[in-house]
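*Asks:* Given next are the chains, with one letter for each unit.
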Amino acid sequence: MSVQDLNIKKHVKEALADNNLRKAVYKATSSTAVTRQNVINSIPYWEEIREKAHFIKKEAIENLDKYLELFEQKCIENNIQVHWAIDDKEAKDIILKIAKKNKVKTIVKSKSLTTEEIHLNKLLIENNIDTVETDLGEYIVQLKDQVPSHLIIPALHLSKEDVGNLFTEKLKVPYTDVPEELLKIAREKLREKFLSAEMSITGANFALAEQGSFCIIENEANAHLSISLPKVHVALMGIEKILPSISDLPYFLKILAPSATGQKSSTYVNFIGGPSKEKYGEGPEEVHIILLDNGRSKILADPKLRETLYCIRCGACLNACPVYQQIGGHAYNWVYMGPIGITLIPQYLSELEGKDAPFLSSLCGACGDVCPVKIKLPEHILELRKKVVEKDGSRFIEKLTIKIWAFVSANSVMYRFLSKILKSLMSLIPNGLQKVPGYYKKRNFPGFAQKGFREQLTNYQNSIKK
Amino acid sequence: MSSRNKILSQIKSALKNKSNEEEKIYSISELNDRISETLPKSKTELVEQFKQELLKVNADFFYLNNISEAQEKISEILSENKINHIASTNQRICESIQESIEAVYTDVKFTIANDLKPQERKEKISKINTAIVYADFAVSEIGSLVFLYDNSKTSYPHFLCDYVIAIVNSKNIFPNQFTLFENINTEQSKNMVFVTGPSRTADIEKVLVLGAHGPRKLTVIAIENE
Ligand code: SF4
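One line per chain: the protein sequences are X and E, in this order. Residues 1 to 466 in the working numbering are what the first sequence lists, from first letter to last. Residues 1001 to 1226 in the working numbering are what the second sequence lists, from first letter to last.
Hints may contain errors.
What the hints assert, rightly or not - If you only want the chain X side, here are some residues facing chain E, beta carbon under 10 Å, derived:
| no. | residue |
| --- | --- |
| 1 | 31 |
| 2 | 52 |
| 3 | 63 |
| 4 | 84 |
| 5 | 130 |
| 6 | 163 |
| 7 | 182 |
| 8 | 187 |
| 9 | 208 |
| 10 | 244 |
| 11 | 246 |
| 12 | 274 |
| 13 | 296 |
| 14 | 297 |
| 15 | 335 |
Note that these hints are calculated values from the structure, not bench results. Being a predicted model, the structure only gives us computed values, none of them experimental. For glycine and all other residues, C-beta sits at the position ideal for the given N, C-alpha and C.
Only chain E is shown next, with the shape it has when bound in the complex (with noise of 0.2 Å):
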């Protein structure tokens, strides 16, 4: 008999003296009204939370109000932190952003992950210090971001670089992960990752630590309107 058989039959056979403990009558509906009632009331509610959530996981966040106003925000990063390569993404965000930049700019690079075979991929997106990205999603309650590869096709300017700076459009902010799972298509998107707040260990003497084997900072930036 196969392992797979052998286990299979060995799990039926435990399993033929049920547990007697008697579930609950459990409302689910009870529970439901129950998380309702700590969601914020309105969008401003829902966005203050995440920007108090991220700035409790050490992030940082901006709320405003176009593209034109994040690409400017991001410019004065620029500046700020003399960065002058970037590493992103092929999708459209990425690239207007990308487009408002290199034209004042000129000395700012741009690395496409997405244009790399994956050998060279991995190992010049690592050596980039900054990435632009774009979040599919975001949770407001725990100041999480969503990635699905379905839409970035990467990870590694969100995991390799050392500065991270998000984008995600403020309709996209969910108020918990029970409704988001409600609007994630999981039967089609099964690769995907939720970040909350650059990389971090505690595993020396429970000192916290940011930047363990990913980013060490992370920015993100609401716009209302793409």
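Chain X on its own, in the form it takes in the complex (with noise of 0.2 Å):
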């Protein structure tokens, strides 16, 4: 993968002084955290199928070769053609490949996280394949030519006059900002692009080991007609979209939904076990899937973090997370954000390229608690702050203060005399005036305490001794 400077501070920055984008982000992500609440409300077994999904996560990860080893072999059975892509450059290979065969003018693409990761779109505009996405979010998202905010709602950040002006601008109508009439519009525009592509590009929420298919969970139809109009369809997974079989998936349906749109159940789950071509005479004369490695197996070496790679993609975890909210997801400047993009980004880059990441937390452990697939999120985010620690030689005065501080506290004598000439100091300088460097410009440092906190617990005890 190439070395890529993610400068994560500056895009921080930018985002906190954007009040709209806040206001648009706290909006969408809080009114998701309920939603998703109340469906949960209503399962009474919820913890335990998290419980159970965890595990059945556990065996597919713990034994990914096996399984993917009985996936390759079940969907050649099933005509299936399987392709092994050890990093972006080979998956988008294989693609073009593909493309070229079979003088593709067209591709309609429905929303998969995982051709993000391998910038794949502009390689293909690059080689003249008119690429469109297809779900109305990520549709949106590539007329701005962004990249999507969110892991489930990729146009999270705009509203709905962004949309507007944007279809004035780039698709020449007139300008409206009711979501019906913004939706009437693509639609119109993508379904021509439907009934002329030639092939189409999709993810897989899941992978079947011992059937040899796959499924692709949706709510607009969008995948259902790409993977059902155009000749070819190529799909590309991650290794670790693993399950054993498809009696692993009702525990998986039931907390995706939830999980993701606060949706008892997506509106459609698409299965496909081969082209249907040749069986019911229409859809797809060829189905391709590539297996994409890109940094996985690396992932997969520690035995703690690679629950990471347990991840559906759910995006429940942003919606939770204090500090997405505050930020939207172009502020991790990387295709995964929110507290899985932090834990996910120094494993798949390196340490140092995503140092400034596991630091995008505060470690609340809202996270962790909704994660329907139950990755300890909270612990592996310091892990990843440890590794990043260890790495990065440019935190030496961090380092040092914190050896101070560990030696000052140890000592009562000297940590009380410390902090008393501490609260001199502060209370020299003039109100409004406490800045620290490092510290956010806009907030003042809370000056200290008038009393330090044995004073105050001596004078309360005498008060109850009183």
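Hints given; two lone chains; assemble the complex.
*Replies:* Laid out in structure tokens, this is it:
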């Protein structure tokens, strides 16, 4: 994978300065969190299902090689062509080759974060292949030349007015900001594409090893039209998407929709078990599945952190995260964002490239509480902070400060003495000017209390005695 | 070394360190018991649950005694909505509905997806507003319909038409997805789709809008006896 400068700090600052963005993100995440909770309240065995899903994922990941081989074998039996891609470049080469072989001029894409991960659209467009995103949110961000800012709600950062202006500018239609009208415009444009495209590219939510089939879950029917109209269907999936068998699937169907959108069930669950043309007289003549590694086998090496590969990309941890709620998805400057993003960034890239990511957390634990597959996100965030600090030499001052702090706080006399000195020093600075480097510019560092904790405690104890 | 072998060998060596997370002594029967506690106790409750869930996902629902009542209901819907062209499949129930409607309404035309060549099929069906289709199974707990390609051999009427009327036999309604999967021959039926309500999106400011890229409206008719 190519080295990227994520520049997270700069993006966070920009996001924090954008009040409209913060409002939009906060509104969308908090409303989704409420609908999620309502549905979960109606499922009395929610906790048990989470537990079960966690251990199914554990079984799949701890035996990944075995299940991938089984999946491959069963796919071949079902006439699905299986490809393996070690990295983004190889995956892109495979897709381009399939497109060229089939003389493809138009590709319809249905929402897939894995294709975002490998920056696929850019390559296809450079090769003069008209490539359109068909999920409404993805279509909007593609028109705006942006990337999704949320795992489930790609255009969450944009208002209906933004979308209205965008459609007028790019699609040359009269301005409207009514969601129904905007959808109608997109539907008409995209229906033409569905009917004329020769190839579709999708992701896969779950791959079923024993059956050699995979499923795509959605609400808009764009994925269904993508997999049933063009003559070639290519699905790109991370190797971690595997489940041992279809009998494991109901547990995941039960947890995914409530966590992602607050629905009891998503509108469509599509199962693809081979090219349908020959069997049924319609749909694709060829189905390809690309198994993408791109750093995943590296993540597997740590027996604890490999749990981050259990993620089913539901987005619940984003909606629950007080940091994501303030900065939105673009600040992370990578395809996966929020609590799961900050654990994946330093693992996929390197501890140094992704060094700021694990610090985008208040460690409140909300992400771990909501994760439907019970990934212990707060633990992994801490572990990755540790790894980053060990690798990152530029943190010398921070390390020294912590060492001094540890030394001082282990000695009660010295601790008391130094707090007194600090308190008197702080009181010399006029109000409103207590800036501390690295602390948020627009906020003052809170002053020291007039009385220290010990003093307050002694006073309190004395008052009780009296 | 091919990428396949390279990836597999990297995985194998990465997995040499096993996770030491202890699996909770997890009793599947306990979970099953908890799930069973929530199941409808009778057929009436099952159908009622199915109905309530369908209403929640913005679908209409009718529970009728037999196919001729269903035919009557469909006739009513057709005249109310001034529908004169219907896309359908060549499944037995769909054919019998077609026959009875064509006998009464001479101006209503049926186009059977399975009779058309692929290119023609997608073009023609996408111009038709209404579809009548048959669902193989349903799930009451979430108001879902299950369509197996093995039986319909097409999904164009189900997805390309704006308004879908789906018929399901009440004996094929299962209480939840666990029981559903026990009853589908998943070894045989590998291409299938579960449908829960009309297509929808909330991608713009989280406002729910029906009729994203698929149907805008869904009516489900459950019949007691075929
Ligand atoms: S980490 Fe858990 S909560 Fe976050 S997206 Fe993945 S599955 Fe959902």
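*Asks:* If a hint holds in the structure, say so; if it doesn't, say that too.
*Replies:* Verification of the hints:
1. Because the beta carbon of residue 31 of chain X sits about 6 Å from the nearest beta carbon in chain E, less than 10 Å, this interface hint is met.
2. For the restraint placing residue 52 of chain X at the interface with chain E, the shortest Cβ-Cβ distance is roughly 6 Å, inside the 10 Å limit, so the hint holds.
3. Hint status for residue 63 of chain X: holds, given a least beta-carbon distance of 8 Å to chain E, under 10 Å.
4. A cut of 10 Å between beta carbons decides the hint on residue 84 of chain X: the least distance to chain E is about 4 Å, and the hint holds.
5. Evaluation of the residue 130 of chain X hint against chain E yields a violated restraint, the C-beta minimum of about 18 Å exceeding 10 Å.
6. The restraint placing residue 163 of chain X at the interface with chain E holds, with a minimum CB-CB distance near 6 Å, inside the 10 Å limit.
7. Annotation: residue 182 of chain X was flagged as interfacial toward chain E, and the flag holds, the nearest CB pair being 6 Å apart, inside 10 Å.
8. Below 10 Å, beta-carbon pairs count as interface contacts, and residue 187 of chain X has one with chain E at about 6 Å; its hint therefore holds.
9. For residue 208 of chain X, the shortest C-beta to C-beta distance to chain E is roughly 8 Å, which falls under 10 Å, so the interface hint holds.
10. The closest approach between the C-beta of residue 244 of chain X and any C-beta of chain E is roughly 13 Å, which is over the 10 Å cut-off, so the hint fails.
11. At about 5 Å, the closest approach between the beta carbon of residue 246 of chain X and any beta carbon in chain E falls short of 10 Å, and the interface hint on this residue holds.
12. Proximity of residue 274 of chain X to chain E holds as hinted, the smallest CB-CB distance being about 6 Å (cut-off 10 Å).
13. The closest approach between the C-beta of residue 296 of chain X and any C-beta of chain E is roughly 9 Å, which is under the 10 Å cut-off, so the hint is satisfied.
14. Because the closest C-beta pair between residue 297 of chain X and chain E is about 4 Å apart, less than 10 Å, the hint holds.
15. Contact between residue 335 of chain X and chain E, as hinted, is not supported at the beta carbon level, the nearest pair being about 18 Å apart and thus beyond 10 Å.
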